[in-house]
Amino acid sequence: NAGVTQTPKFQVLKTGQSMTLQCAQDMNHNSMYWYRQDPGMGLRLIYYSASEGTTDKGEVPNGYNVSRLNKREFSLRLESAAPSQTSVYFCASSEGPSGGTDTQYFGPGTRLTVL
Amino acid sequence: AQSVTQLGSHVSVSEGALVLLRCNYSSSVPPYLFWYVQYPNQGLQLLLKYTSAATLVKGINGFEAEFKKSETSFHLTKPSAHMSDAAEYFCAVSSWTSDKLIFGTGTRLQVFP
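Chains as they are written, first to last, in my numbering: chain A, 1 to 115; chain B, 1 to 113.
Since the hints were derived computationally from the structure, they do not count as laboratory data.
On a predicted model such as this, the values are computed, not experimentally measured, just so you know.
It is possible that part of the hints are untrue.
Said to hold, decoys possible - In silico EDC-like pairs for lysine to aspartate or glutamate, Cα to Cα no more than 16 Å straight-line: (1) Lys71(A) <-> Glu95(A); (2) Lys100(B) <-> Glu59(A); (3) Lys14(A) <-> Glu79(A); (4) Lys71(A) <-> Glu52(A); (5) Lys71(A) <-> Asp26(A); (6) Lys100(B) <-> Asp56(A); (7) Lys100(B) <-> Glu95(A).
Stated by the list, open to error - Here are some chain B residues the structure puts well away from chain A; computed CB gaps all over 10 Å: (8) Val13; (9) Gly43; (10) Phe63; (11) Val111.
Beta carbons: idealized from backbone N, C-alpha and C, even for Gly.
Whenever a hint applies, use it, and build me the whole structure from the sequences.
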C-alpha cells in the first residue's frame, strides 16, 4: 500500500498564479484533510472532508478551495497565490467519518514557495 | 473549544538521557490526546494516543505518555534517548464530538552523542 500520496513534492509559483495540489489515499478512508505547516505555528487545518461528497472549512480556509473528487482523492486549489501561502502542505486521511479517536495518516508533503 | 500548549520549542538531550516533552491541553469535554512525530522532510506519524482507557499509554520506539486530568497534561517521555529520536514532536487534542485534530506548535528534539 502506498498510503497517502501527494503531488507535486515541490512547487514555485509567482504571485497571482494558480495551482492544484493533489492527494490520494488507498486505505479506503472516509475522512481527508488538508493542513499547512509554518515554522512555530504547528499544523493548521485548511479544509477537511468527513466523507465523500462533503467538505468543511478548517481554521485557515481563506484563499483556498477544495474538491473531494471521489473517496480516494482530495485536491486543494490556490486560485491566486500570495506570498503568505508559502508553506508546507500536508494531506492526511482517517477512517472516519466520526474521527475523534482516529489515527490520521499523513502524506509526505508539498513544499510551496510563492514569489 | 480545545487547545494544546507545548512548552519548549526546542529540547536538547544527550544520548542515553531521559526525554521529557511537555504538553498541556484545554478541553470542555473529555479529550482524546495524541502525540505525532515528524522526521526531517517527512509527514507526521502517530506515536501514541489516549482515548479514555488506561491513563498510561505506551507507544512506538519506547515512548510513553501519562494522562493527568488534574494537571491537564499529557507529557511524553522516553527513559533513554537515541540518536534516531531526533525529530519534531507534536501534541494534538480531539474529542468524541469532533473529527478534527488541534495541534500544538511542536517541540524539536535534538540528541547529542
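Evaluation of the provided hints:
no.	hint	verdict
1	Lys71(A) <-> Glu95(A)	11 Å, holds
2	Lys100(B) <-> Glu59(A)	10 Å, holds
3	Lys14(A) <-> Glu79(A)	12 Å, holds
4	Lys71(A) <-> Glu52(A)	5 Å, holds
5	Lys71(A) <-> Asp26(A)	9 Å, holds
6	Lys100(B) <-> Asp56(A)	11 Å, holds
7	Lys100(B) <-> Glu95(A)	12 Å, holds
8	Val13	21 Å, holds
9	Gly43	3 Å, violated
10	Phe63	15 Å, holds
11	Val111	21 Å, holds
Checked against the numbered hints given earlier, this structure breaks only hint 9.
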